[in-house]
Amino acid sequence: MADQQNNDAKAEKIEKLIDNYGNDVLRMCYVYTKDFAAAQDLFQEVFIKVFKNIDGFRGECSEKTWIIQIAINTCRDYLKSSWIKRIVSFNFERETITNIEKSVIENIEKKEVINSILNLPSKLKEVVLLYYYFGYNSVEISKIIGISESSVRSRLMRAREYLKKYFIEGGFIYE
Amino acid sequence: MNEDKDKLNLSDLDKINVSHELKHKTINRCLYNRKIKKPILTKAAIAFALVFVFIFSTTSILANKSKTLESSSDYSMERLKSKEQLISMLNEIYKDRKYAGEDLNFGVQMKSESSNRSGHSNTNVQVEGIDEADIIKTDGKYIYSINQFKNEIIVIKADKKAEVINRFNPKDFIEGKEASEYQKDYQREIYVREMFLYEKRSKKYLVVMSSVNRYKNTNNSQGNPELQPFTRDSKVSIMPIRFGIYSTLVSIIDITNPQYFKPIKQFEVSGNLMSSRVKNNMFYMVTNKWTDFYFYRQEKSDDILPFYIEYGDNIVKKKISPENIMYNKNNIDSNFTIISEINLDELDIFNEAILGNFDNMYMSKDSLYLTSMRGEEIKKGTDNQSDASVSYYKNKTIIYKFELKNKVNYVSFAEADGLIINQFSMDEYKGYFRIATTEDIYSENKVNTTNSLYVFDKNMKLAGSLKDIAPSERIYSTRFDKDKLYMVTFKQVDPLFVIDLKNPKEPKILGLLKIPGYSTYLHPIDSKNILGFGMDTGNIDERVINKGMKIALFDISDLSSPKEKANIEIGGKGTFSESLYNHKALTVYDNLYAFDLFETKDDDSYMPSFRGLVLLEIKDDSIKVKCRISHSDLTNQEDYYTDYGYRAVFIDNYMYVLSNVGISVVNLDDMNIVQKEKI
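Protein chains in written order, with full-length UniProt numbering: chain A, 1 to 175; chain B, 1 to 679.
If we strip away everything but chain B, and leave its shape as in the complex, we get (with noise of 0.2 angstroms):
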């Protein structure tokens, strides 16, 4: 990554330099007049404009392409009949627009969990028997971590000594091993990103998820970067861009024989992951590959169909073909995104593709959901250039439902007003589809948000919805639970909502409850309890600011009146958890959760004070730190920004602390750390 770092000339940005005036106002100011001096509600204008710009330059492109439509709201999906249709139609999009907007979700993946009460503990996952991806795992003999700063997958052997026993990278396993299309002039890089274990009786298996790239050197990169052509598959030396071909290895690896593993078989996939899931036997994973039409329509290329390669004693590149590929003719974007299901038993491979851009994942044991945002031109703009326009232009997200039978079937679509944060912002329950959004509506020169519930049968037609709630906030966290609903919306202080959908038809709201702050990641206890991770905020003057971290538990034994039991704050601004938006960062081991921690001291300094990992156990309606493990001390001193990545895992009476530096172990009885060593 670094040789291309000369690629993007930023130079131009040193013209910008202090002027005198504004170094001795700014000097002046910190010698007199410390305070904050007023024009903070000005300030928020100002950003909100941008903000405001964003979104609507976004959508209006979005509802360009809505205008040729005939029908604005059918989505259902069809099948391509050829690639001559394909090329087509990529044909139109790009005739009159320049590109449709990218997702502008600012929530990530998250998850949640299910904690294991013998044993040792399992990835947090969102749905019960559906297992995510992660960069640990434990079988309960053997800790499986992925280590991104050394590129490996180390396995450690889970007795008190914590040894090392194997490392290794999926890239060894295919090494000198490639389709001929890409055996000459060719680069590859293979990184890795996340993996499953699967236990089938006798049989072990470790699947690996990994990012690989390849692109072909050009010869002359000492020349004039502005005069390269582009090309697909050259790094373009005018941009950090590596017009690289993406895609996504998968590899099956047998880990019975912990010194000794061997790959049963590696199959890679067009595109960069978005999610995978694994159910029983089955191993779904979602890309999000460009179409390259750009290039396809320059160069004459071949290759605008996605492909899939399987590696075995023959290698095998096979494009996926047009009848494979669905579309809706009013949701149709420059890219694909590809559904693939692997047979763990059978080791078989079965790829669909849609053309379309979809950025969310839902799983539950029956289906899959992708999500889609639309703009829709709800009025004719006028031309003003300034902020006027904005208001006739609608976000929604389409749904599109696939049923799990022997291959993913399409069944059908739905629509929901506003956007979604994230996998937790959906459900299925008894068939019935939930989905909470949050709506912007822009008039004249206002926006203001709405937040909404929707449930659809299983046909995907409208069953019931909630709507306004809390108006003018925004959520930021949902987490269902059966005919229930936990919903945060933040605007200044932190509303915890109870939502009823017992009757999906007539959703209702049960209880709500205010406190400063907000959550976003909600983690149901049991029937009576919820936990909250999120932030602390205050208020400098009119502004609402980020304090610490804050873990709250709420009551909800009565469920019309929901109450903070217990919480703590954790550090000062800048503190930070990447538990906060990726549930798995989160591991719950029966009343004990453990999660990574960037902490800085509890003032306006962002000094950092601590970075580690955390361990809270919740007892008695409390909340209770057990211990910090921290392998700081395991890193050059001079080299202070080296340890990062802090996991745990649970095995018997122990904790396992994964970073990418060192490992800890630490005897739960008396929280004494029994073993700490580099790796």
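So here's chain A without its partners, still in its complex pose (with noise of 0.2 angstroms):
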């Protein structure tokens, strides 16, 4: 009985965070794998973690910086994994994704803003992530992605300038 009034505290808090911040990791996995399927079951991953350890949280950052932070982190593993490990099957389970979804992120990717970001190599893709849609300053970032700040301003340089190129001569190194 206890451990049901446990349970349910407990699901109280991580539905909170959800509804807070849910909407943003998922935005945010989805523009790193530009696959809503796995954006969906690392949105699971990134908010284990955070329930594993909000209670160590102890409001260093603001708690939105801490979850972006850890999320960015999760996408990156499972990138980084990937590459290195080289493993190449088609058949795997994935999330589903509902017919409404579907239409939603098909909309979405006709976007040629989105679809140009979406394409950028994945450390631009953060950097203009976090600058241009969370709207955080290069400073704040630089402690989030853990690079210089002069780092940030020069893949941000970077970025404007795939970017520039994906506008004017329609498509880069994506077809």
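Source of the hints: derived by calculation from the structure; they are not laboratory data. Fair warning: there could be bad hints in the mix.
Said to hold, decoys possible - The calculated lysine-lysine pairs, modelled on BS3-like cross-linking and capped at a C-alpha distance of 30 angstroms, are: (1) B/K15 x A/K13; (2) A/K10 x B/K547; (3) B/K394 x B/K317; (4) A/K123 x B/K317; (5) B/K25 x A/K10; (6) B/K547 x A/K13; (7) B/K141 x B/K184; (8) A/K10 x B/K184; (9) B/K23 x A/K102; (10) A/K16 x B/K150; (11) A/K10 x B/K15; (12) B/K547 x A/K64; (13) B/K547 x A/K123.
Claimed, not checked - Residues of chain A placed beyond 10 angstroms of chain B at every Cβ, according to the derived structure: (14) K64; (15) N99; (16) K102.
To be verified - Covered by chain A, according to a simulated footprint, are these stretches of chain B (three or more residues, beta-carbon under 8 angstroms): (17) 571–582; (18) 594–608.
From the three backbone atoms N, C-alpha and C, an ideal C-beta is built for every residue, glycine too.
Build the complex: two chains, separate frames, hints provided.
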């Protein structure tokens, strides 16, 4: 009985976190992976980590920043591990996508701006997303992703160069 | 930079929302099923496909280019005869393709070291005697530090008080000075990047490189952003893109009187800074500039050629003439790479350019090498939309050699299969050039990797090679040390290879050590020891993930069986140090090693536990942490994310630690902090 109560309290807590930050996390995972099914999967991993560690969170930075940081690292681990492991197998069970979600995603991907961002290299993608979508400044970004502020600036600059080419010449590395 | 935040409108992402189902599934998993479950392997596969696409599309476009070649392997260089020739060549490449891939290197510029027992520490450089630019320099009396946060150079007296005696930005010296073409309507922004210290007899100069961006203000910034035309000079609102003109300012500043600095000469060269070196009195700088050919065609403007500006009594802007632009007909890209040389005694400049895209540079005492990535088609692919057509392209690194005579002269080229990671992938020794590459081999729907070493003679003819080193792994770091090469490859465990290069025609593997984790930077200490900076790794089910940072000391006294003598692991997941990818962030002083650290708790929480600088001592085959310095107490407590950019220099018996917010002085005898102050 006590257990049940305890669980209810926890469920409430995690629900609140998802309500507050869930959309941002899901959007971030989607931009990283370009794959909505994978994003949903990563989303769950992020919140499991958040939930596991929330008691230790002492408010050294804002809750949102902390969660975004976990999301970034989870996405990175995910991309990195596959890069290193180079396993090719196209049979996998995936999160299912409803038709509504599918049409939302298809619609979004038709938007040139979104498409251009999705096709950036992930190093540039993350700074663009943090800067232009989440509205962090370069100092905050440098701490979130652990590079120097000047690297943030130069990545933003490189991202702009990429986008410039994309928009002018109608597509870059990806056709 | 802030004002363009609204220009890239990503609000469509708002449409992605967490569904009810996902939310409840997540809550359930949090409560009842914390163990990360199965779909791990499958995730790897999804992400893999992503990476795959990226490589594939880059190579395919590059390969498209090479389809038009008569001979697919002639990459030799010629000089342009006229501007018309340039334009017709660019028209050709713009005709049937979009844009050719940019670099896909995932290493950033790295450096190396040399320790200086007496007096003061120096920048950790790759080649002894060839200086590399950095954000901190010292002459033993003063410390010069670039503070990118404040966009200025700070001069500190190197005594126990560590007083700040001067601050400036090179833009102060060209305030009000501008080339006539840009006097009207243009705004100019200048950011300090890196610098050298040049001393010769009574001369003492600081050579500072800064990024310059010029752009025109548009009046109708309130209008519908989507309707604005693309023009080069205006900031276009549709995008975060500033269609400005990028260049690099080189300021040579006389610092003999530390309180009163005066500029001796300033030059400005087209393009963004790629890399720079100083050898004796010669300064070499390489920049990259997009051709702006689109605008050239649109606006019929006259300035397709890269330019340079000389600031003096008169401000002279000159174009780099076609005779000084080289190209290779098989490797043309819509980009100029500009090599500038400045004689620091004569204060004159010479520029030449190459039409092509170069991404890495290595310089020895006699030569300069630039590398460019190419994809070559080996076999016609099918038009099958799936993964199949990937199999038929091959990545190559084309190396151009230049000799450092009176002027930088093109000598010859060579090609190697695969791609490199950074400047440490290359080396020159006794006239032989060596390069280590990782190649992705595509077949059917599989990708595999193989690693190779190539040795070229002084005319860039292949002398010897060693192939299939650690198949299906990838090179993470390399360090050439005279006739030896240390190489770290990684898949799940990290083998350290020792390769013998005594006979350039027949390199061979001497020894190999397998340990968990990997090093991204290798620092030879002496003939018996080498230090590796990298990450420790662990597994979650099938996945390999990074854990904390790992520093390992390798015993290489028996080359046939290298051993790990000692190691330390710092922090948990998310721990990071700039020294992992930038060798200049590591300062070496005798047996002391200082580097910046962003540390997280050693659990899964990603919770930061320390940020600052760490000092290690290597003594009697062990690695010891001597001290940790943080300036987080100098910052505003509410403003959590503000101290960063930690660097150290050593002078006599003191270590000076600088960050963007403060400076501390540490006595190396007892590791006491004798001074700590905001700057």
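Status of each hint after checking the structure:
no., hint, in the structure
1, B/K15 x A/K13, "25 angstroms, holds"
2, A/K10 x B/K547, "28 angstroms, holds"
3, B/K394 x B/K317, "42 angstroms, violated"
4, A/K123 x B/K317, "36 angstroms, violated"
5, B/K25 x A/K10, "14 angstroms, holds"
6, B/K547 x A/K13, "28 angstroms, holds"
7, B/K141 x B/K184, "43 angstroms, violated"
8, A/K10 x B/K184, "63 angstroms, violated"
9, B/K23 x A/K102, "18 angstroms, holds"
10, A/K16 x B/K150, "39 angstroms, violated"
11, A/K10 x B/K15, "28 angstroms, holds"
12, B/K547 x A/K64, "23 angstroms, holds"
13, B/K547 x A/K123, "19 angstroms, holds"
14, K64, "12 angstroms, holds"
15, N99, "12 angstroms, holds"
16, K102, "12 angstroms, holds"
17, 571–582, "holds (count 4)"
18, 594–608, "holds (count 8)"
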